[in-house]
Each structure stands twice: as structure tokens, then as C-alpha cells.
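Asks: Below are the chains, spelled out letter by letter.
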Amino acid sequence: MRTALRFVLGTLLTLLGLLAVTFFIGRVVPVDPALAVAGDRATEAQLATVREAMGLNRPLYVQFGRYLRDVAHGDLGQSILTANPVGEDIARVFPATLELATAGIVIGVVCGVPLGVWAALRRGRAVDQAVRVTGLLGYSVPIFWLGMMALVLFYVRLGWVAGPGRIDLAYYYAVPRVTGLLVVDGLLAGNLAAVRSALAHLALPALLLGYFSLAYISRMTRSFMLAELKKEYVMAARGRGVSEARVVWRHALRNAAVPLVTVVALSYAGLLEGSVLTETVFSWPGLGQYITNALQNADMNAVLGGTLVVGSVFIVFNLVADLLYRALDPRVR
Amino acid sequence: MKRRALLGAGSAAVLAAPALVRAAPPPRDLLVQAMAFDDVLSLDPAESFEVASSEVLGNTCERLLRFDLDDPSRLVGVLARDWRLGADGRSYRFELAEGLRFASGNALTAEDVVFSLARAVRLDKAPAFILNQLGLSKDRLGSALAQDGPLALSLQTSEAFAPSFVLNCLTAIVASVLDKRLLLAHEVDGDLGHAWARRSHAGSGPFALRDWRANEILTLDRNEHFHGPRPALARVIYWHVKEATSQRLMLVKGDVDVARNLTPQDLDALAGAPELRITATPKGGLYYIGLNQKNPVLAKPEVREALKWLVDYDALGATLIRHIGRPWQNFLPQGIFGASLAAPFHQDIARARALLGKAGVPDGFELTMDVRSTQPDQGMAEAFQQWAARAGLRISLLPGDGKQTLTRYRARKHDLYLGDWSVDYWDPQSNAGAFAYNIDNSEHPATKPLAWRNAWDIPGLSHETLAALMERDDERRRADYERLQDEFRRSAPFVILCQQTQVAALRREVQGYRLGPTSDTNGLAPVSKLGGGVA
Numbered sequence: 001m002r003t004a005l006r007f008v009l010g011t012l013l014t015l016l017g018l019l020a021v022t023f024f025i026g027r028v029v030p031v032d033p034a035l036a037v038a039g040d041r042a043t044e045a046q047l048a049t050v051r052e053a054m055g056l057n058r059p060l061y062v063q064f065g066r067y068l069r070d071v072a073h074g075d076l077g078q079s080i081l082t083a084n085p086v087g088e089d090i091a092r093v094f095p096a097t098l099e100l101a102t103a104g105i106v107i108g109v110v111c112g113v114p115l116g117v118w119a120a121l122r123r124g125r126a127v128d129q130a131v132r133v134t135g136l137l138g139y140s141v142p143i144f145w146l147g148m149m150a151l152v153l154f155y156v157r158l159g160w161v162a163g164p165g166r167i168d169l170a171y172y173y174a175v176p177r178v179t180g181l182l183v184v185d186g187l188l189a190g191n192l193a194a195v196r197s198a199l200a201h202l203a204l205p206a207l208l209l210g211y212f213s214l215a216y217i218s219r220m221t222r223s224f225m226l227a228e229l230k231k232e233y234v235m236a237a238r239g240r241g242v243s244e245a246r247v248v249w250r251h252a253l254r255n256a257a258v259p260l261v262t263v264v265a266l267s268y269a270g271l272l273e274g275s276v277l278t279e280t281v282f283s284w285p286g287l288g289q290y291i292t293n294a295l296q297n298a299d300m301n302a303v304l305g306g307t308l309v310v311g312s313v314f315i316v317f318n319l320v321a322d323l324l325y326r327a328l329d330p331r332v333r
Numbered sequence: 001m002k003r004r005a006l007l008g009a010g011s012a013a014v015l016a017a018p019a020l021v022r023a024a025p026p027p028r029d030l031l032v033q034a035m036a037f038d039d040v041l042s043l044d045p046a047e048s049f050e051v052a053s054s055e056v057l058g059n060t061c062e063r064l065l066r067f068d069l070d071d072p073s074r075l076v077g078v079l080a081r082d083w084r085l086g087a088d089g090r091s092y093r094f095e096l097a098e099g100l101r102f103a104s105g106n107a108l109t110a111e112d113v114v115f116s117l118a119r120a121v122r123l124d125k126a127p128a129f130i131l132n133q134l135g136l137s138k139d140r141l142g143s144a145l146a147q148d149g150p151l152a153l154s155l156q157t158s159e160a161f162a163p164s165f166v167l168n169c170l171t172a173i174v175a176s177v178l179d180k181r182l183l184l185a186h187e188v189d190g191d192l193g194h195a196w197a198r199r200s201h202a203g204s205g206p207f208a209l210r211d212w213r214a215n216e217i218l219t220l221d222r223n224e225h226f227h228g229p230r231p232a233l234a235r236v237i238y239w240h241v242k243e244a245t246s247q248r249l250m251l252v253k254g255d256v257d258v259a260r261n262l263t264p265q266d267l268d269a270l271a272g273a274p275e276l277r278i279t280a281t282p283k284g285g286l287y288y289i290g291l292n293q294k295n296p297v298l299a300k301p302e303v304r305e306a307l308k309w310l311v312d313y314d315a316l317g318a319t320l321i322r323h324i325g326r327p328w329q330n331f332l333p334q335g336i337f338g339a340s341l342a343a344p345f346h347q348d349i350a351r352a353r354a355l356l357g358k359a360g361v362p363d364g365f366e367l368t369m370d371v372r373s374t375q376p377d378q379g380m381a382e383a384f385q386q387w388a389a390r391a392g393l394r395i396s397l398l399p400g401d402g403k404q405t406l407t408r409y410r411a412r413k414h415d416l417y418l419g420d421w422s423v424d425y426w427d428p429q430s431n432a433g434a435f436a437y438n439i440d441n442s443e444h445p446a447t448k449p450l451a452w453r454n455a456w457d458i459p460g461l462s463h464e465t466l467a468a469l470m471e472r473d474d475e476r477r478r479a480d481y482e483r484l485q486d487e488f489r490r491s492a493p494f495v496i497l498c499q500q501t502q503v504a505a506l507r508r509e510v511q512g513y514r515l516g517p518t519s520d521t522n523g524l525a526p527v528s529k530l531g532g533g534v535a
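Protein chains in written order, with my numbering: chain A, 1 to 333; chain B, 1 to 535.
Looking at chain B on its own, in the form it has when it is part of the complex (with noise of 0.2 Å):
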């Protein structure tokens, strides 16, 4: 009897454990994205670098300027109303829009930016040098920025470079504007209120944070006192799933309403589905392979060349990087000012192997290459092999973490090394620095460029995209870098692979998704959502 009645109740269990399910798809003011976030380190501006935190960045805090999502060589205002500059080329003064407030209630003001800008290059984090390029260094804050009313303030840069350039400098997160009296009173032994912002929010951005639990949810509430259009949306809900296929099987589900790192074999299942769909926008990041001049093989010009022959670029973005990338050659995106669209190289194993022959190494050699252990950065790294296997290249691949790749990276000691490079901020400058200056090609440069990282000793080069970064007429700084473009193509210890898509499956119930070429314009403020409850 009693085991009779056990196992009663056991099946009893089993079978009400179908009603423990009860399908309720997020309501019509929430928005749950599926997304990895494993990335985000710190939400203070000051210190932010990384893919998540800049999207949560962007829609929590704001800058003076912002640039248009159409046609994203054009600036837009957003807390400063009027900007003008000087005759000597050197001296900008920004208007603040009237009535502006803080997720706090508190009034933004001259001040606040001031105060910001100050702080970024206080606090002195990785992006600070997207200010210090300016010439906002600390030891030239008290001339460089001064507020001239309420709502009005002055930067003077150190050099008259392209006005374009400062102005999208001041697009990028670490430029945000925060609420001076709010991190002030939370500072810490003078710092600024950083240890504080780091897992706070002190923005005046169209959505205010609400909760991070580090790998398990960031939750992002409207913010009341913002002074745009109201969101549609109450509540944004990040929720971190790593994996691809549990990301597409919750969408499916209706779980959530936006999938985030879905990969191209995902993508393809999910292509068709009536009740989704996919949204992908050109971002502003690369696939490239670096090659060490340190080695002296690499560094023969003939086989730098020969190794951009070996790519099969139809091959590479119908397969591997199939809707989350598309080939690409040059070092400037496409969507930055200036980015050239050529496209010269194709495979061709016969000329690879000609030029390898011209260099003297007929034979072939053996080569290392360093890469992430993730894909499809070591899917790429595989094609490239066999690729190059056909010119009698032995490469041999040396997978690695992120972190542990880069450190090698950092050190010069790799032969080829895979990865990937997005740009800091909205102007060309930010890639041409990186990939086409190098200035200090000793061991222990004071920055460590990817030019520098390969040993490319570039000091003519370097010169000219100086020359491009003061510019001041537009047409001849985007000449500058064209040609800056055609002789990186010709010349460069670098194979531009591709550049990345940003790509999101949603349900067919959400309006106004917009990804943008950088993580910091995924806007969420025009974000709405067809029929369903309220919360």
C-alpha cells in the first residue's frame, strides 16, 4: 500500500510537471536580449573598452555629439545644441542644450562636461589617449577646457588638426558626459567616484542600469527624467547565454526577443522562420593577419605580397564568416570617412608562388601562426593554411585564449598572428594610427601599435598619416587616406581579411532595431514592441 501510494505519487509529479511550464513571452515594454557578455569589465566611460559595456554606455550616458547612423561621416547634436571653431583652428566652443537633466534628476550642465572630460583624462584608463590625442593631458586641463557660462564651454587643442577628427573624438564613450555631483559624492579617497562608476550609472542617456549580476544579467530601466522622445520600452533585460544554439533555441521559444551571437550555422536554420527575423549592419571591426618583420623571411617584400595572393575571399564569405562578416582589403572600414573600396586581390596560387620564388624561398618555408581558440578566428586560421599549403607554406598553428595570444602578440614573438581590430572611435585616424604609424620601433615604445607589434618601421608613412590627422579641408583629408589605403595595400606586413557584421535575429514583434557600425550606436531608445501585455 505505502509503496503503492509512492509511486502514485511519483507518476502524480511526473505528470503535472508539463503545467510547471507556463508559456508567457516577455511583455510589450520588455525587451530581453540573449546576448555573451562575459566581456564587460567596468561601466565608468572612463575605463570602458569593451563590446557590452559601450552598447549598455551608449544608451545610458550621452556626449555632445553623436554621429548620423545614414550617414555616419555626419555629426549630430546631442546635449550640445550650437559648436563653432575658432579662426586659429584650435579653439572650440560647444552650446549645451537647455533643460537638460541626469538619470538623477540632476540639472547637466557646462560643469558636468567639463568635469567628465577632466576626470577621463584624470583617471588615466586605456581610452584616455582618445582624449590626450587632443591634447587634453593632464598637465594641460587648466588651459585646455573652460566653462564660459552655464551652458557653454571651450576646448583648446594643442595642434590644429582636422576638425573632423577632434569632433568624432568627442563622439566616442570615454567623451560621456556624467553627473559631477553624484560621482563626487560618491568618491573614494579622490578617485573621482571611479571604483563607485564602475558598476553604476551616472549618465543622462535615454535608459538608466539598474542591476549587473557579472555573467548573469544586466537589466536596464527608462529613465524618466530623459529629455528626447519617452522609449517605448520600460525595462531592457540583458541575459547572458553563452552559447550560440541555447541563444537561438530561446528565440525560437519566445523566451527572448533578440538573439545576439548567433553563428552563421545558426543564422542559416533560423533563415525562413515566419515569425523572425535578421538585421545586420557593417561594423566597424576587422579580421586581419599580421606578419613579424622581426622575421626576416616575412620581411622580404615579395613574400609579403605573395601571402595576400593566397586568400580565397569568395571561399571565406560564403562559408566561414557567411552573414557575420564580409571580405574586405583595406584598413579603413567601409562606413568611416575615407575608406577606400578597392579591392585588387583575389587567389592565385601561380603568382604566389612566382613571387615566393623571386624572394628565394621557391620551396616554401615553415611558419607559426598565433590565433584565438574561438571561431571563427581559427576556422580563418585553418583556411589560411591550407591555402598557403598550396604555395609550399608550412604553417603550424598555435591556438591560444585571448588574453594569452595577445600577450605574445604584444611581445613580437609570433610569426603570423590572426585576430581581429575595431575601431576606437568614429574617424579614420583611429585605424590609421594603428595599423599605418609607427614612430618608435624599439622594444619598449611608449604605445604599441599593430605596426609597431609586427616591427613594420614605417617612418615616412607614419609622417604621412600625421599629415592626414591635420587636414583641415575634408575632401583632401579623404585623398590622404586613399592614398594612405593604395599603399598599405601594395606595401603593408598585413592580409585585411574581412570585416565584421553585426548580425541579430529577432522576433518579428520588435520595431525600430537598429544595430550600429559601433557597439556604443545600438540604440534601444526607438525600440517598440507589437501587441503582448503590459508589465
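Pulled out of the complex, with its shape left as it was, chain A reads as follows (with noise of 0.2 Å):
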């Protein structure tokens, strides 16, 4: 009870700090926000109406105060840029991002938790080395221009899989919005055809990301079985007769993945704030456009509003982390 009370006010005071700091840099940034909503071509007298109107000539804590009072009660404001509020904005992005970021994550745990027990049990191999070069090319080559390779060849030249975007057009208005993740809604609307179109479009980018968290996990996963590996209750479980395999991947794994639970986590939450470049290249209109768009246009409310999901979404993974540790690892009950 004391203990979820402590990570309530922790969670709120973090959020706080989070939107202050934000807040706070976005007034200082030398764009006129009142420019941004009236345009170039405004008068004084009319850009003099908009700062009075979004409050721009108040004192500043008195501005984040008003911020804050609506935030509490729900409203995050309305965009500059899609004269949308910014809650259902977010409402359309996050569930693209959400989508992307899942297969991703999967990918990359599928395919790098294996590959680096792997090279763990062959150190210094040939096979260590190759998933070495594999996990330092997806650190190191610019995710973008990966992307387009990968568009020219499996979407232009070999056809295997869709373009840019996250349907066909055709499907567009034809599966009713539930989750505004297409493959679920798909499925829930029996639209196999429309199923198909949007794993066919997120084939391709959902690799990219995958590849990208892959190199890490492998990595990590890497030096944790390392560890693992030389500690005495795996000799000792192999003195006994256990074999191999169950050492491996019972015994060892097991207890490296404590840590690696907190890496992807991470690595997850880090794919949810949307990688901007994936979404450019693939034109994935998720958060991460979002942000990126709403701050090149100093739409303040939308920069805010995006924070703020991306900064729940790292308390959120935190704590769950922190809960699969303590059911993972009996010690730190």
C-alpha cells in the first residue's frame, strides 16, 4: 500500500518535471508561438489577438499553471497544425507507432535472444564474430538510408513487399477504427484481404526495427549469458549430468534474463516514442512524425502532449520491469 502510494507521487512528480522542463524550453525557444498559429501575412493588431488569446502576455508560471490545470482535467489543448485537440491526435499517431513498435520488438527478441546465447556458447568463433559484425552494422549504418535500400529492393525491384504507408488505399475507409491497429481491426472486422495489406506494409519497416533492437538485445543477452555461464551453479549443474541443453537454456538463460527484461523494456519504450526516421522513409504517420513536425512548427501544445506520452510510457515500462524482475529473480521480493 505505502509502496504503490510512493510510486503514484513518484510517477506524478516525474510527469511534472517532465512537462516544466518542456514547457519551460518551449517558451524559450526564439520562435513567436503567436506567429506560428497566425501566419506570416498577419497584422499586429491581429498577432497582438492571438497572444491574448493563448494567453502569450501572461507570466509564464501562470501559463503552465492554466497547462496544468487542463491537463488535469483532460484537455491537453488543441494542435496548431491539424486544429485537432492534441488527446485525439494522439488518439490516431500512437496506435501506428504502437503497432510498428510491437512487431519490432519482437523481431528483435526472437531473433537476438537466441543469437546472442549463441555467440556466448561459441566465443570467439566464427559464429560470435558474425552476430558481432550483425549487431554493430544495425548500431552504425544510418537507419535511414537502410530504409530506402530496403524500399528499392523488396518493394521496388524483388515486389515483396508493400510500399510506404500503413494499408493499400483501397482498405483505407474499409475496416472500422476500434484499436487503429490495422492488423487487430482487420482481424476483428474478418477483413483478411485488409489484414494482408497492413502485414505487408509493416513487413518491411517492422524488420528495420527490429533489426536496430536485434543488435542490442544480442548484444546485451551476449554478456549476460557470459556471466552466467562461468558462475558455479552452472558447473555444478553440469557436473551433475544436466544436459546442455537445459543448462543453457534453463538454468543460465533463466537467470540472465532478470536483466535483460530491463533492456527490453527499454529498448521498447524507446521504440514507442517513434523513430522519426522510420516513419519518414516508410510514411508511418506515427508519434514520432508527430513530435518532430509539432516542433519544427513550434505547436507547443501537440510538443507537450507527445511528451507526455512518451514520458508515461517510460514510467509505465519502468514498473513493469521492475515487476518482472521481482517474479524473475526471487531475491528481490
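Please note that the accuracy of each hint is not assured.
So the derived label-pair ranges between C-beta atoms look like this [said to hold, decoys possible]:
| no. | chain 1 | residue 1 | chain 2 | residue 2 | range |
| --- | --- | --- | --- | --- | --- |
| 1 | A | ARG246 | B | ALA269 | 54 to 60 Å |
| 2 | A | ALA53 | B | ALA467 | 37 to 43 Å |
| 3 | B | THR319 | A | GLY17 | 45 to 51 Å |
| 4 | B | ARG93 | A | ALA91 | 46 to 52 Å |
| 5 | A | ARG246 | B | GLY254 | 51 to 57 Å |
| 6 | A | VAL141 | B | GLY254 | 26 to 32 Å |
| 7 | A | ALA91 | B | PRO459 | 51 to 57 Å |
| 8 | A | GLY17 | B | PRO526 | 56 to 62 Å |
| 9 | A | ARG157 | B | PRO526 | 31 to 37 Å |
| 10 | B | ASP70 | A | ASP75 | 40 to 46 Å |
Derived from the structure by calculation, the hints contain no laboratory data. Ideal Cβ placement from N, Cα and C applies to all residues, glycine included.
Got two chains here, each in a separate frame; can you build the complex from them with the hints?
Replies: Written out as C-alpha cells, the structure reads:
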């Protein structure tokens, strides 16, 4: 009970701090927010009206106080760029990012963990080197370039996957929106053609993000595994004649999984921020593009709303990682 | 066994993957355009000023008049059947065509026209100035606008302006005629339906807005109540694709019919592809460099002139703005009434050096240049930086986001500013009023025309600009603008670099696709597609 209370208080404080920093940075940036609303052709009188309406003439703390009051009432304000309530915008763009990030992290874990384990078992040998190089490439090749090349090869030349966008335009209005995850919505509607189209569009960007997280996850798995494999209980198990597969997968990996959970959770949270470059190359209308575009146009309500979501995602994932940690490692309880 | 089954399933999935993609080009009555439209702020004609929204409103709403695409100085009636000017030079009378309807099905009458013009003035958003300058201001509305019958109205301007100017202003988006009944049905707190209209549609054009999801998609459907010829397209989709190369790939692949934001490199790569063609039209936008006259060195006439001899127009046209612009030296873009074709400047470093010597700065000096960190802006700034270096000028670039450089520019904090400027309505006054008019050079003027932003104090020239605005004889008005442009080239603290070209790459099967000189003249009504099925 006490822990829960402390957690809630901590969360609120963190979010408050996050908002305060974003808010004040946004106001210090040398851009006139009224100009963003009224445009370059506005007269000084029109700009003054906009400043008044936006409350820009009041002291910063008053502006921030008003913003917090609205947020507390569930109102994230209006976006300048989209003429929509920010909450509505985020409800529209976040599922796009969620879909992509989830597919990406699943690929990252499913491929990255076994690769990492494998590399640890073959330490210093060709396999280890190959995994290392693959990981290094995933880290260092600009994802923008890689995305473009992948599009040219798999979309234009080979025709294996669909191009930019989330779904073929033919299905754009065919699937009623429930979750905003097009694959899920397609399944719910029983429209398998739409699901196929969504998957065909999802495949390439998801593989790309998956590769990116795979690089990190396999490196970390490898080092956690190496640490475990050196421990006495592993030698003891081997000495008792427990099969090698069981030693590796049941004993060592189970213990390596504890720190790995944090790595995966934070990678996932990172993907949920929206990866701007991937979203740009693949015309994926997600959170990353939304926040970036808002930033470039001094659309502060949208920036703050986006920041709030990203912050909340990190907090939730930290919590989940914490809980999993406890579940996996009895000593922490 | 289990593992083998998994592997089998996995490889089957991989092998099945190619079948995920079914090549289905857009059907014949659907046009898909890949376009970067993250600038759409509002679809209310009383507020909208952006490129993409203008194009949408040009197709969903109509004005009394439009200019002829083949001869932009000639006006054609759209909603107006007839118009005439009274002997006093101030009273305009318009008669509407009969049987006009909005997309909602409501009849379009003179009441809607009067309401729409008055509404734009009352809402007082940025484009309202286009109507204000005719004398349609909040306090004059009662006397300036009157309905003379179900299909007739009159407009009383505050002064006897050049008639071409008055009528040209009425071709602007802000003068769109909107559905009064529909807007008032959506009115909230006396906003004349503004909050609703920002993302909806109340027009009578060949298309009607079906859906707009910011930074994602904008869909127009054929307006079945349209009074003109029925458009061949049932639907037009604007697909937000920010990255030019992605647009190119989608075009080549046939997933989109038109790509709108290709770079010179992309367009080069596409040239010669048999299934594609490229269409281009010079548009009403210029790239220029502004020289802040608050900088005492830049304020010297010889220095201003020297900077104009630095630009290598040939190199500019052949590389940085290839396909997307062409060298230009006047403040009126070609195609607009009165635009001068004169181009006296070319790169002459020795001459620039001599002028700098005459100005007392033979060894050059240091300057900053604000520029948006996008292309071709930054490329042009870098090129100018190198040309200037050859004459001894040391320019450091200050790249920033659009709003950031604009904020500095509007506060007159720059030395040099490289940016673009588009005409607001298709009349020479639009740019003359920006480049050659500044009657209040104080720190807090009512408006900030470009001449003000560069602190160019020009009471005399401003007076001449006004005189051209009042000249009722077309030929004399044309001569006025020739003179203004001559003087501008000679003495203005502006280096005009080039006129923008609006360019689109499209699939061969698209017919009748034509870009106009302004965004709102990119008409979709005549477009059709050969072959393919119907959705």
C-alpha cells in the first residue's frame, strides 16, 4: 500500500518535472508561437489578438499553471497544425507507432536472444564474430539509408512487400477503427485481405526496427550469458550430468533473463517514442513524425502532449520491468 | 519434431510473404497524389494561406471570378455571370449565374456571397487584409456590401482603385463563397462556423472534402451537385509522403499517380522513364536575399549593388534549382500583370569588388545570413556564401527551422536573409506592396512588409506603388510597374534569385493534369485517367 502510494507520487512528480522542463524550453526557444498560429501575413493587431487568446502575455508560471489545470481535466489543448484536440491526435498517431514498435520488438527479442545465447556459447569463434558484426552494422548504418535501400530492393525490385504507408488505399476506409492497430482491426472486422495488406506494409519497417533492436538485445544477451555461464551453479549442473541444452536454456538463460527484461523493456519504450526516420521513410503516420513536425512548427501543445505520452510510456515500462524483475528473481522480493 | 514443425511454419511464412503483395494500381476514377502537406493548418478560406490548403480550397470552393490559365491577366466568371463597374470607379455590381448549388444541395445566392465576404472580414484572420485593402473593413461592411436581389450584389470600394486590382483580389481564396446556412448551423459562440470550417467543407466546387487526417491523408470526393461539367474522377486522395525519394519509388511502382515534391535529383532520375512524364509551371513564388538596412555597411548603395553582381544565375539555374525554378531578377514573377523580363545582372566579381572599394570596404567585411535548413534554401545560401567569398565577403550561415528564421527576420535581427515569398493574390500590387512599400519604418508598424523587414525607408517609392494601385488605365498601370521594377533592380536592398517552378511527375495514363501559377489554380476537375478499372 505504502509502496503503491510512493509510486503514484513519484510518477506524478516525474511527469510534472517533464512537463515543466518541456514547457519552459518551448517558451525560451526563439520562436513566436503567435506567428505559428496567425502566419507570416498577419498584421500586428491580429498577432496581438492571438497572443492574448493564447495567454502569451501572462507570466510564464501563470501560463504553465493554466496548462496543468487543463491537463488535470484531461484537456491537452488544441494543436495549431492539425486544428484538432491534441488528445485526439495522439489517439490517432500512437496506435500506428504501437503497432510498428511491437512488431519490431518481437522480432528483436525472438531473433536477438537466441543469437546472443549462441554467440556466448561460441565465444571468440566465427559465429560470435558474425553476430558481433551483424550487431555492429545494425548500430552504425543510418536507418534512413537502410530503409531506403530496403524499399528499393524489396518493394520496387522484388515486389515482396508493399511500399510506404500503413495499408493499401483500397482498404483505407474499409476497416472500422476499433484499436487503431490495423492488423488487429482487420482481424476484428474479419477482413483478411485488409490484414494481409497491413502486414505487407508493416513487414519492412518492422524488420528494420527489429534489426535495430536485435543488435542491442543480442549484445546484451551475450554478455549476460557469459557472466552466468561462468558461475558455479552452471559448473555444478554440468558436473551433475545435466544436459548442456538444459543448462544453457533453463538455468543460465533464466538467470540472464532478469537483467535482460530491463533491456528489452527500455528498448521497447524507446521504439514507442516513435522512430522519426523510419516513420519518414515509410510514411508511417506515427508519434515520432507528429512530435517532430510539431517541434518544427512551434506547435507547443502538441509537443507537450507528445512528451507526456512518451514520459508515461517510460514510467509504465519501468514499472513493468520492475514487477517482472521481482517475478523472475525471488531475491528482490 | 516440434522444432522441425516450427522451422517449417517459419519458412512457409517467409515463402508466402511475396503473396502478401497484390499489385493493384489505383482504379481509373481515383487519383492518388503523393505530397508533403504538413503545412495544412486550416481549411477555412477565411483563414487558410498555406500551399496545400489553397490547392484543396481551389477545388472545393469557388469565387465570383478566376483568372484564365492561358492568359493570367484575363478574368473569367465562375459564379458571376456578369460584372460591371459604375462611373464613379467605386461601385461594382455582380450578377450570379442561375441554378447554382453548394455541395450540401443548398442553393447558392447573392446572400451567400455577401455573407462570405463579410464573414472573412469579421473573422479577421491573416488573409482578411486582401479584402480590407478594398475598403471592406469591419466598420464599412454595412455600406460596402449590399445584396441587390436573389442573384445580384454590389460592392462599394473605399477608393477608385485600378479595376484589375479589385477584381484580382476577388479571385483569392479568402473571397470564396461559402454555404451560409450550413456554416450558421455549425456556429459556436458567434464564430460564424469557423471552428467547424477549419476541418470541414462548405463550398460549391467540383470536389467536396471527405476526410482529412493531418500528416496522413486528405480525401476529396466528386461533388454530385456541381454546376459545371461532371469531373471524371470520383475521388482524389492526397497522401502525405514527406520524403521525396519515397514519393519517387511509389510513383515508379504505380502506387501513386502523381508525385508532387520531387527534388532536382529525383526528377533527373525519372527523366526518360517511358511510363512517366513531368509537368511544370512557373509559379508566383520567388527566392530572394534581403539586406537589412539597419546594418550600416549594407545600407551603402554601392554595397547593395555589389551583392547583385555576385550571383551566378547560370550556375544556379543549371544545378540547385534545376526543374524547380529558374533565374529571375524582378519582384514581379513572370505571368503576373506588368512583370518585367529585364535581367541585367550576371556574375561579375571584379565589378563587385570595385563597388565595394568605392563603398570604402575594399577588403570585404563579415556578415551573417539567416536561412531555413531545408533545400533548396540552404544550398543557395551556401552557393552565395562561396560567390561572396570571392569578393572578400565573409558570410556565416545561421540555419534554422522556418518559424525560427522568420521570427528573427520579422524582428529585423538579421544581416542577410535568404527566403522565399509567394504572391497572395494574382495582382502586381501583392508583391509591390511587399517589396516596394514601407510607409512606417518605426519599430512597431501596423504591418511588416518585406521592405520594412529590411528597414528600407522609401516614402517616395511607396507613393509610386500607391499610384500604380490607383491607375485605372491598364496600359498606364503596366508602365507604372515597369518603372517600379526598374527602380527596384537599381536600388533595392533585395537580391532576387529565382522564380519557383511548380513541378509534378505523373504517370502517363493521367490526362488533363495541369498545374496553375498559384496553388489554388491546380484544378482537378479536368483530370481523367486512361485504362484501369473503376472503384
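Asks: Go through the numbered hints given earlier and state which of them the structure violates, listing their numbers in rising order.
Replies: 10
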